[in-house]
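**Q** Now for the letters of each chain:
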Amino acid sequence: NAGVMQNPRHLVRRRGQEARLRCSPMKGHSHVYWYRQLPEEGLKFMVYLQKENIIDESGMPKERFSAEFPKEGPSILRIQQVVRGDSAAYFCASSPPAVTGELFFGEGSRLTVL
Amino acid sequence: QQQVKQSPQSLIVQKGGISIINCAYENTAFDYFPWYQQFPGKGPALLIAIRPDVSEKKEGRFTISFNKSAKQFSLHIMDSQPGDSATYFCAPGAPSNDYKLSFGAGTTVTVRA
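Order-wise, the sequence lines are chains A and B. Start counting the first sequence at 118; every next residue gets the next number (our numbering). Start counting the second sequence at 8; every next residue gets the next number (our numbering).
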């Protein structure tokens, strides 16, 4: 499977716990974008990363949320001390080095906070 | 600040009919105008996209029409099929902001057999 891989597909956490969402981009892609989708809404940009660099995190809440894309391994979106309002689908997208706007999305990770 | 307005919110069309979805934008820096298709429980998949150097692009039953002066672009689904029932998003982007696509709110299309 050469597509964008996200895991876990579903994650349940209690309030106050941590959630870690992982994303492996398509082969040859070096740019990763994270988006959040609330029920019945469009996708909202959170953060844009290249290998070992955060390029733009303007859409990410200032507290509790962090993202990384290490030299080796998947990109990780980390949510600390989750609250019910964090319940959403989190999508990762990747693009090739020549950024043209064409993003390839994964199947998403659906976080439910109890 | 809402950069992208998509309409209608939902539509129902008979099999074989035409579905038309519109997207209006404000940011004149946008130079990439895609439509994404999303099925329940799945991620968005790029359906068709256009650059501002052309006014129309057709791929199979799907056509994008682009009106630069009006800052609008639309998706036409010809001969709609039940398998086209999905949510469609416009998501324009600009190189000046690294193509962080600005998604519309989505249009849920239901094609009745």
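Think of the hints as simulated: they come from the structure by calculation, not from any bench. All of these numbers come straight from a predicted model, not from anything done at the bench. Don't be surprised by glycine CBs; every beta carbon is placed ideally from N, CA and C. Heads up, some of the hints might be wrong.
Derived DEER-like restraints, expressed as beta-carbon distance ranges [what the hints assert, rightly or not]:
| # | chain 1 | residue 1 | chain 2 | residue 2 | range |
| --- | --- | --- | --- | --- | --- |
| 1 | A | Gln167 | B | Val61 | 46 to 52 Å |
| 2 | B | Lys64 | A | Asp173 | 25 to 31 Å |
| 3 | B | Ala112 | A | Pro213 | 36 to 42 Å |
| 4 | A | Val216 | B | Thr35 | 33 to 39 Å |
| 5 | B | Ser17 | A | Glu169 | 28 to 34 Å |
| 6 | A | Gly190 | B | Ser72 | 39 to 45 Å |
| 7 | B | Val61 | A | His146 | 23 to 29 Å |
Pairs of lysine-lysine, DSS-like flavour, derived with a Cα cap of 27 Å [said to hold, decoys possible]:
| # | chain 1 | residue 1 | chain 2 | residue 2 |
| --- | --- | --- | --- | --- |
| 8 | A | Lys168 | B | Lys107 |
| 9 | A | Lys168 | B | Lys75 |
| 10 | A | Lys161 | A | Lys179 |
| 11 | A | Lys161 | B | Lys22 |
| 12 | A | Lys144 | B | Lys49 |
Listing some non-contacts, in silico: residues in chain A with all C-beta distances to chain B over 10 Å [said to hold, decoys possible]:
| # | residue |
| --- | --- |
| 13 | Gln134 |
| 14 | Lys179 |
| 15 | Ser183 |
| 16 | Val216 |
**Q** Next, verify each hint and record whether it holds.
**A** For each hint, the structure was consulted:
Roughly 30 Å separates the CB atoms of Gln167 of chain A and Val61 of chain B, a value that falls outside the hinted 46 to 52 Å. Between Lys64 of chain B and Asp173 of chain A the beta carbons are some 29 Å apart, a value that agrees with the proposed interval 25 to 31 Å. Distance hint for Ala112 of chain B and Pro213 of chain A: a CB-CB separation of about 28 Å, inconsistent with the stated range 36 to 42 Å. At roughly 20 Å, the beta-carbon separation of Val216 of chain A and Thr35 of chain B lies outside the given 33 to 39 Å, and the hint is violated.
For the pair Ser17 of chain B and Glu169 of chain A, the beta carbons lie near 43 Å from each other, so the given range of 28 to 34 Å is not met. Between Gly190 of chain A and Ser72 of chain B the beta carbons are some 43 Å apart, a value that agrees with the proposed interval 39 to 45 Å. Between Val61 of chain B and His146 of chain A the CB atoms are about 26 Å apart, so this pair conforms to the stated range of 23 to 29 Å. Using a Cα cut-off of 27 Å, the hinted pair Lys168 of chain A and Lys107 of chain B holds, with the two alpha carbons roughly 17 Å apart.
Restraint check for Lys168 of chain A and Lys75 of chain B: not satisfied, since their Cα atoms lie roughly 35 Å apart, outside the 27 Å limit. With a C-alpha separation of about 15 Å, the suggested pairing of Lys161 of chain A with Lys179 of chain A holds against the 27 Å cut-off. Proposed proximity of Lys161 of chain A and Lys22 of chain B is contradicted: the alpha carbons are some 32 Å apart, above 27 Å. This hinted pair checks out: Lys144 of chain A and Lys49 of chain B have alpha carbons roughly 20 Å apart, not beyond 27 Å.
Non-interface call for Gln134 of chain A relative to chain B: holds, since the shortest CB-CB distance, roughly 24 Å, exceeds 10 Å. In this structure Lys179 of chain A is separated from chain B by more than 10 Å, as the shortest Cβ-Cβ distance comes to about 18 Å. Under the 10 Å C-beta cut-off, the non-interface status given to Ser183 of chain A relative to chain B holds; the minimum distance is some 18 Å. For Val216 of chain A, the condition that its CB be more than 10 Å from all CB atoms of chain B is violated, with the nearest at approximately 6 Å.
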